[in-house]
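J.: Listed below are the residues making up each chain.
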Amino acid sequence: MSARHSLGCFGKGLALALTKPYLAVSLWLLQLFLSAVLILPISNSLHDLLDRSVAGSRMVANPDYGWWETLQREHPDLLGNFADLAAGLLTTEGVKFSQLSELRGIGAAAVSLAFLAVILHAFALGGVFGTLREPNASLVTFGREGMRRFPAFLIFTLATLAAAGFAYRWIFLETGQALRERMTRLDTEGKALAVTALRVAALVLALAAIKLLADSVRAIWVARPDLPPVSRFFAGVAAALSRPARLFGVLVYYAIVTAALYVVWLWLDPSAGGEARFALVPLILTQQVFVFVRLLVKVGYYAGVSEALTRAPRPEYSYLPSSVPESAPAAEPRARDEGAVEGPAGGI
Amino acid sequence: MPVGALAQLSPLTPPIASYEISCRLDTARKAIEGTELLTWTNRTAYPASTLQFHLYLNAFRNTLSTFWKESRGEGRRGTPLAESWGAVEILRMTLQDNTDLLPSLAYIAPDDGNAEDRTVAEVRLPRAVAPGETIAVAIDFRSRLPRVSVRTGYNGDFFLAAQWFPKVGVLEDSGWNCHQFHFTSEFFSDFGDYDVAIDLPARYRGRVGATGRQVEERVAPSGDRIIYRFRQASVHDFAWTADPTYLVVKDRFHEAGLHDVDITLLLQPEHSGQAERHLKAARAALSGYGRVLGAYPYDTLTIVDPPWGARQAGGMEYPTFITVGTSVSAPSSVHSPEGVTVHEFGHQFFYGLLASNEFEEPYLDEGFNTYMTSRVLAAVYGPNHPTLSVFGLKVPLGIDLHYPVDANRRFFAVATRDIHATKSWKFRDRATYGAASYSHTALALATLERLLTTNVMDRALRLYADRWRFRHPRLQDFIAAIHDVTGRDWNWFFDRTFFSSGSVDYAVDEATSVPSKAPRGLFEKEGTLAEGPPPELAKRRGYDSIVTVARRGETALPVEILLRFEGGRTHRAVWDGEARWTRLTATGGPKLLEAIVDPEEKILLDADRFNNGLRVEKDPRAATRWTSRTVFWVQNLLDFLTVAW
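Read top to bottom, the protein sequences are chains A and B.
Residue numbering for the first sequence is 1 to 348, as defined by our numbering.
Residue numbering for the second sequence is 1 to 645, as defined by our numbering.
Bound-form chain B, shown alone (with noise of 0.2 Å):
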């Protein structure tokens, strides 16, 4: 083992709940068996007289389970769930003294009651486990892996053992904080040190990745099969893989100021001449995350891109362990596989060392990654380019993005069909879940940033995952960061944004500017009314311009208006937004050109960005060419129709 290893062994946090597991892959019928000791402390103030266990894998045991009624038999990406089962079961559970705890096992549904779902069960322990006891249970299970549908399972040769072994839930003074399976969420787990030896075929040698970093590698006395062992400390998780037909590539990262990492990459041979790509983007986010939130503390990190029938696998995040995926022909002015390389690499951080409750707080990793996400890809790789599918080939349209976080705009119809701060699996369905926990945050979040100025935000993450760093989170430690950077309140901010579903839309809705006219009627001279105004008010003076701004949306957020004048004059002003109109008059200047309510883009949560400016005087250019263009096309696609036929 080499030295510079030893530091990824030792917790860097008090270890709650730990495991060593022993397990054997039998790949002809997609089975795990294996044994684990689970060391496990109560960090609470009370007693606890039970344990609840994550069993994941019943997700996927029949139609009746929550995740399979949640899913109504969809995947991830829209896409039928294999009718492949799979299934974890507990063989065994004792206590050191030999207690035996399985007959007291019992499946509960702490979210909706389904008496059909097994993702989560209960044994009574037969004394409580007293604050800051420490407790080891034995447990012997058989896994049965799905084909991949949803993140795990296999798919030929290829395996992703992922929620795979029975896992502790999280033990709160509140009580125990165990969420079954959804079909919208991932997952909540408490940090410990895993040690893992894994026995497979031996055709797997040398293609076996996971949490962690390997420190056995030893052939099976029968010489058919290898044993790998992985060890990795202070992470709330463990997954690994095995394909024979990988790839591995092996870099190393290494930058002043932050840790160095080993980096390896799986990746699917058809793949091959896009390493590079891979392992750029995976430099860059180490980077990127670590100069903003600290460096990365783990010696490692692989990379796994998973086989084109197990893509589903593909874009999870598992401590030290990401999963990706690209395509034959990614083009190199698009953002994938870098987009997801850098993402999943990026719940190290929101997810892995803050570790939010996926289930309760969606947006907390998600949506924070997803904006942390754009920034990293706007510094390292530019404007992103939209894409065309070709039959399966992605043609990019040569067109930029404005900001990559843009790309997040188009789930703005959906994104307010929903409160934003909601439990994952309430959301309305998948596509508001998604919205609204990576689009919507990420978007606001990129509005704060705006409003706070980078250094500012930078400096309020920092001092979020300085504080929070091996701990759970929650959003109002984040509001509280803000807080104690910036000296103000910015509840009101987010109690508008992310505990609310109204849209974000201002707009200019008028800009006129008119010669003035010198005043008429009855004015007094020597006295008396007289017809027709004094002299020093009949001369004539410059414009008269009227703008009127609107929010049109129903979130009201502070904005700048700013008006521009003939011969290089502006006006700025400052407008809270919350009224449903404001207007701005200018007597007697000099003529308006135009109007622009939010000049600067602060705010990237406006739904329609491009309402926000109004010319006084038309400029039809841009319509009447793009008519000619549209026009043009119109004749050829007519054209195409009619020689056809």
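If we strip away everything but chain A, and leave its shape as in the complex, we get (with noise of 0.2 Å):
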């Protein structure tokens, strides 16, 4: 693999991205949908909390962090343990699966929430390898590829994250458990920040990993409907694993895009200095364009990994035929879940 390699998949797969922007709206939609269920609690909360109190004037502009620590400590039912939970993923120590028993309210809504975004994802995803695939594809491809890939590409999603549970527990959680009295009796602080960062380095591996071999089979389960579905499912695994460093290259590439674009966000902050800098409008305008570009970003990613998984048949194994007769047979027969496809299937 060569940088340049993973750059070209990743820069192509970006370019495919922007000649279908229906995939990141249609992504766009599915999470604002999602979001839109927590509008009302919070809005009501928020305008029962703000809107006469005096303390509501002083927030326009600026976070409060009075008023956020009195909202945690008088407001228990609100949230319940959210906050911790959230900060609790950075810290040395981590989150433990029975830490989600302490949410409540809103804070509880949302990690169901989430889940129910896990499970949609997987519909979204169907849709948008398929569509990726068809060169005259509309927002109905979409759609339909995504029903049609919906039950398998649900078991993989639900495996993935099986997965990456076991892997934030086993090489998180019990290794930080493990080696919490050793951390204790290091001499410097250095080295136990040494130990912590090889802990998240390893997460972050395995994470990368499984979410490349997810991406792989996902993407070969679509590229080649040819195979019975044992069989694409190997060769999505056999695909990962023969091009291990140029999916990485991808996922990097996607990963350093994404982290700019909230550097970006972060620094201008569109959100901060009250009226003075954005009206209201103006400012969910610009929340939604940042979040439509980041998705056009991960459709991108997307097509970056078919890209990459894509083998450009050699020269001297290649054959051309001059015309294909009409009565030929197809050559790639169909697997039973597989419907017609419109477009060629690839060269995968």
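Be careful, since some hints might not be right.
[Stated by the list, open to error] Covered stretches of chain A (in silico footprint by chain B; criterion: 3 or more residues with CB under 8 Å from a CB of chain B, positions within the stretch not fixed):
#1 40 to 48
#2 90 to 101
#3 108 to 119
#4 293 to 299
[Said to hold, decoys possible] DSSO-like cross-link-like pairs, simulated, lysine-lysine; straight-line CA separation at most 27 Å:
#5 B:Lys591 - B:Lys618
#6 B:Lys539 - B:Lys591
#7 B:Lys517 - B:Lys618
#8 A:Lys211 - A:Lys12
#9 A:Lys191 - B:Lys394
#10 B:Lys394 - A:Lys96
#11 B:Lys30 - B:Lys69
#12 B:Lys69 - B:Lys423
#13 B:Lys30 - A:Lys191
Treat the hints as calculated values from the structure; they're not laboratory data.
Glycine residues also receive a C-beta, built at the ideal position from the N, C-alpha and C atoms.
Since each chain comes alone in its own frame, lean on the hints to assemble the complex.
T.: Encoded structure:
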């Protein structure tokens, strides 16, 4: 693998995503509708707490830490331990799954919504991968492909989620627990930070491997309808194992571009400054444009993964018939769950 | 010895319990063998037929000690206690005439009757010590240090020897005050003069710190050992440390009107970039505390930065010697290590000079000191910022704390679980002990300062500090100082804040303002009743406003209520806060804009300051903007979760 190759795949993926912006729109709408479930409880709670509060006028522009602290203490029913869980994900101890039981109100709804989002994402991924492979696709293709792949992709997604959960537990939580006593005996904090960095790096690598394996299986699942399901699955695994560096490179470029987008967002911080900077409607529009751009990059990543798995045929083994007789049988028998594909299946 | 050092070696107060100690550190066995000569004077009005001693290293003797049972195996920050055992054994105890006291030694447990606890011992004297009489007791002891899990011990080559020698208790007119070592308590001792010689391996040369001034450094004849001698008069404890990796930084504090102090900072090499932060904080504390409470009277201050593996030794105070703690990633906008440095230095006053009983009135040192720490930090460093821990690295959130003392507010929910004026080991748990003794007391004193004004509060603090320097004050002595400064009785305030577990919460429950309506009904007109008001009443005038302020907490404190009207008019009222609610009405006036209870935010004990103000008209801007922000980040969070799988 070369960096240029990964970059090329990611670049081609981004270009493909730009030609099919409705994919990003679809993902954006899915996320917006999911988030909308929380709009009313959040909005009602905030209006109830702030609209007539003298403190509210101080908070149009800037956050008030005292208010946030008081809110969590005086209204534990609103969020439960949501803030602790979110912050806990970044601690050396991590978050145990048993802590989910302390979620309340909006906090509990947000986590439930996240599970729903994961499931809907299985549908969306089927749509995205299917649509990316069809030259003349449309939003209808997205829906059709999403539904057609949904059972298989849901299994992949749940299996991946479970694998990620296991990785978090066994690579991060359990090592943290096992090393806890030894960590306290180290003579410098630098060494302790290095141990933590190794744990985090191992976790990130494991999660990246799980994700790339899953995405590879998904891509092959869509690209090789000629194979039976078990073969498609193993072909996906084999494809990931045969091009790990290239796939990893695409993921790294995706992470870099996404991180850069967040850095730009946090630097510009259009939410801050109250009405002096952005009025409410332009602010909401800016926020949604940001989400859309991020999703465009996300679609670009999936297209990049497909691109990375595409094997260019070597010329000496290529045979291109001058014409295909109309009566010629289909070269690629379809599996039972595959319908007619309007475009070429691709060269994977 | 420098001439300037003579002052610290002379007693600042008549000694009660003085010690000459000669000890030897065995680094392989993590043990200290020593001989001490205790010179003790009975300053009570009654003869003493016994002596009681603290043997606090025995708290780490086994899991049957009171300390271990109370801790349930967890250390100060919730980390498991290391199963590394410590103990102190008395090998010999004789009077000047060689009377052996050891046969009469018995372990007692005055606090909980735990027969397995060996942190307090009593010996019977052959003859009672008369009031004013002084005796000398020679003691040989062997201390085995635990690996640091609470305050004292070792980690690798690092040693921090605290509570390491047999120390006599405090004899009061009512008898011995000599408590066991508890999980949630610190210490209580009498003042005296210390002269301590420490024999260590030569590799510790120049890397030793202790209470008082170093008066001697001598290489042992064998060449592989070095002996340090430290002396300090008029203190009530002695601690020392040694670590061959210490980075030693020296500084001198000088400020007109205050005592000059030589500061020694023993820093871990990985924190070398933070030396000036520690020293600046120490200078700020010497100045800030000294200006309010009178000059720090000692010549030296030693600041110890324990290594990573011995962090549990950090954040402690001993006379002229404090342990702090920092992180390699200490953001400059966050008051750390400044906060802990200022706080631990502050204990030189609230514990050191004002030697209150930390067992029985823990708020007198921790709470008063937390309050003063907040004041010094606010004056020198401005607003603090909360941090987020990102895999061990501290990242500031970039949000100001309204008042530095506000950092204590997060403990409100815990603080009300117990009466605040509780003996330290009788709190429900460590969290409650901390919340009540540190945080709630600090907020109560900050509230008191705002009720009294800072000037009056400072005068009261100074009077209290001057009266009780080198003595053992109690809370009533501080209340008396306030009384003497203000000429008023403030017992009610302490009854409601220190001797109560009630919460404070005032809220504006209702604020309305509607156009005045002409009266309706039957009115007398020319001697008869007729429908409709007379012309002078029929004319509409202004607005009718109603404000209801409620006391939602159990504790009542006097509060101000501010009403703001259109046109810039305001109205202030004082409410004693005793009833559950009060109502203010205004008829025919300008339109009311908002009502605020406690507008100057004097009552920092108010658990929810955000219900203190109510606007008549809604202003949805903040809620709408924060909804959009929240939904935006929920979208991002969902994307993060889904992008992964």
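J.: Now tell me if each hint is right for this structure.
T.: Outcome of the hint check:
{"no.": "1", "hint": "40 to 48", "in the structure": "holds (count 4)"}
{"no.": "2", "hint": "90 to 101", "in the structure": "holds (count 3)"}
{"no.": "3", "hint": "108 to 119", "in the structure": "holds (count 5)"}
{"no.": "4", "hint": "293 to 299", "in the structure": "holds (count 3)"}
{"no.": "5", "hint": "B:Lys591 - B:Lys618", "in the structure": "holds (14 Å)"}
{"no.": "6", "hint": "B:Lys539 - B:Lys591", "in the structure": "holds (17 Å)"}
{"no.": "7", "hint": "B:Lys517 - B:Lys618", "in the structure": "holds (23 Å)"}
{"no.": "8", "hint": "A:Lys211 - A:Lys12", "in the structure": "holds (20 Å)"}
{"no.": "9", "hint": "A:Lys191 - B:Lys394", "in the structure": "holds (16 Å)"}
{"no.": "10", "hint": "B:Lys394 - A:Lys96", "in the structure": "holds (22 Å)"}
{"no.": "11", "hint": "B:Lys30 - B:Lys69", "in the structure": "holds (24 Å)"}
{"no.": "12", "hint": "B:Lys69 - B:Lys423", "in the structure": "holds (17 Å)"}
{"no.": "13", "hint": "B:Lys30 - A:Lys191", "in the structure": "holds (24 Å)"}
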